[in-house]
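Q: Assemble the whole structure, with the sequences as input and the hints as a guide.
Sequence order for the protein chains is Z and F. Add 26 to the 1-based position in the first sequence for our numbering, that's all there is to it. Add 83 to the 1-based position in the second sequence for our numbering, that's all there is to it.
Please keep in mind that the hints were generated in silico from the structure rather than gathered at the bench. These figures come from a predicted structure and were not determined experimentally. Built from N, CA and C at the ideal position, the CB exists for glycine as well. Take the hints with a grain of salt, since some may be wrong.
[As the list claims (entries may be wrong)] 27 Å max Cα-Cα, derived DSSO-like pairs, lysine-lysine:
hint, chain 1, residue 1, chain 2, residue 2
1, F, K116, F, K196
2, F, K198, F, K132
3, F, K241, Z, K114
4, Z, K85, F, K241
5, Z, K79, F, K243
6, Z, K85, F, K243
[What the hints assert, rightly or not] These stretches of chain F come out as covered by chain Z in the derived footprint (C-beta under 8 Å, 3 or more residues):
hint, region
7, 105-115
8, 142-152
9, 171-181
10, 215-224
11, 232-246
[Said to hold, decoys possible] Which residues of chain Z face chain F? A partial, calculated answer using Cβ under 7 Å:
hint, residue
12, E74
13, G164
14, T168
15, R178
16, F389
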Amino acid sequence: MADRTMAEKVLARASGRDRVAPGDIVDATVDLLYMHEMLALALGPFNEIGIPKVWDPTKIVVTLDHWVPPPNEQIAKMHQQVRDFCKKQGIARFHDVGDHGIVHQLIAERGYAQPGKLIVGSDSHTNMVGACGAFAAGIGATDVAAVLATGRVWLRVPETMKVFIEGLLGPRTYAKDVILKVIATTGDDGARYQAVEFHGPTVKAMPMHERLVLCNMTTEMGAKVGMIEADEVAQEYLAHAKEPFTSFGSDEDARFEATYEFDVDGMGPQVACPSNPANVKPVEDVAGTKIDVAFLGSCTNARIEDLRLAAEILKGKKVAPGVRLQVTPASQRIYRQAIQEGLVEIFLDAGGTFTQSTCGPCFGGHLGVLAGNEVCISSTNRNYPGRMGSPQAQVYLASPATLAASAIYGVITDPREA
Amino acid sequence: MQTRFRGRVWLFGEDISTDHIITAGYLGTTDPKVFAEHCLENVDARFAKEVKPGDLVVAGPNFGCGSSREQAVLAFTHLGVSAIVAPSFARIFFRNAINQALPVVECPGIHEKVKPNEEIELDLERGEVKTASGEILTFRPLPPHVLEILEAGGLVPKLKRDLAARRASS
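A: Below, the structure written as structure tokens:
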């Protein structure tokens, strides 16, 4: 019967069943496990399980991203443990500092996320690589240990929410603005335990770097995975990996738990206000809010296209007095490309800083953590209290364009007017 | 396995994220004592200091939303919290809790029916919460697969048990 969603197709194949239904609990074979520093926390439970070798080192990818380079001795030790484990276990795809990236970006840009694959990652934003047509879900340290030992994971087959988007976005409006609008409609738990599939001409017309933004922030809808049919855009993006490509989407008669339709024709930029990603307003409503920091970084919006966009707006301009602009590329490759394209010089000329690739301040870890009462406009994904440092700090989530315009004027600024 | 709990309630609101539970500044260690000491410190500074083993946490919808950090669960287990009851949980927090053998129960409306400090009773098998006033709220019991993990004492003990059984039969 041709009535299966993308998530149902992947989970049926991965659990060796003809078909699965939402609510079923399946024991599934993992195609790819990827990890960052959380691997260090999984070593205890892995050793306790008592299986000395990982199930398949060729199905594992590891990098370091949260604290790069290590800000203190404890973290340095954590990195050492990860390095030692990868060496001992023969994990060839360990991307150490220097060849690293925020893990989701690394997985996407290296072509490791292929359509139809079952992927689990040690981070909540694993949802992002579902933009390549994979079923990609985040898990915690104990689950990671279990997958390392057995190559299997138990999963509840999710209901699927269909998000249909049509219309031509207004000027200086992007996937970030769209997903903020979607989250505002569903709430930050509107897709809890569910798979979210994006459909519609607006999505079809989006290049991969924008599709990745949509799937990335399905996490902020509470979703288990975000998925987009792997079409010719995905095929071109993944071609360099030289893996057999299968076009892959849900069936015409697939059953969706809920369907949301958005007409984004002419829609303008959106901003998620403190302190919930669903607290979204049109940029006009918050324009004029004074900022201290503008942070362009994270897996959500720090790809080369995001940097180009911000640089285009900042070129020849200066960051407002008293405002700090920090640009942190999502991977080492993007870092290099930004240098080659002259983008770094534009940010520095504007009075900004440019750092090595790391998650850094997005999760309040290091390298730009906020003090109490500081106001930050950020291209990241979450703004719960304490997320980027002090629980008193105020974080506004926006697109790289809104962020760049705001950095110039020192207040939240409509990028259409910058 | 313990399936019935009686304990004092610590009540929290909705959308309590893992950033609320344990902020990133404390993640640079694998020592659960650190997570416990700073658990929910920006929501209720008394909690980590005064919570007693056997106390229950009750909260509003979407408890544990945000990051995948299992440290958020370890903070509660290290403090001896016996179970968490909320109308809904974020999915990774839910898995992490079950994997650490911390019962998490989705009980609609619970956060509006209990008060801080009162004693409630929780019965996992019957799917019931009894409030201090004697009102009984029901919830759908955990699926058998999830109960099995809890019963084994968490995912790691369950895997060890399964592996031992497989070895014995082969």
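Q: For each hint, tell me whether it holds in the structure or not.
A: Hints and how they fare:
no. : hint            : result
1   : K116/F x K196/F : violated (32 Å)
2   : K198/F x K132/F : holds (19 Å)
3   : K241/F x K114/Z : holds (26 Å)
4   : K85/Z x K241/F  : holds (24 Å)
5   : K79/Z x K243/F  : holds (15 Å)
6   : K85/Z x K243/F  : holds (23 Å)
7   : 105-115         : holds (count 7)
8   : 142-152         : holds (count 7)
9   : 171-181         : holds (count 6)
10  : 215-224         : violated (count 0)
11  : 232-246         : holds (count 6)
12  : E74             : holds (5 Å)
13  : G164            : holds (5 Å)
14  : T168            : holds (4 Å)
15  : R178            : violated (10 Å)
16  : F389            : holds (5 Å)
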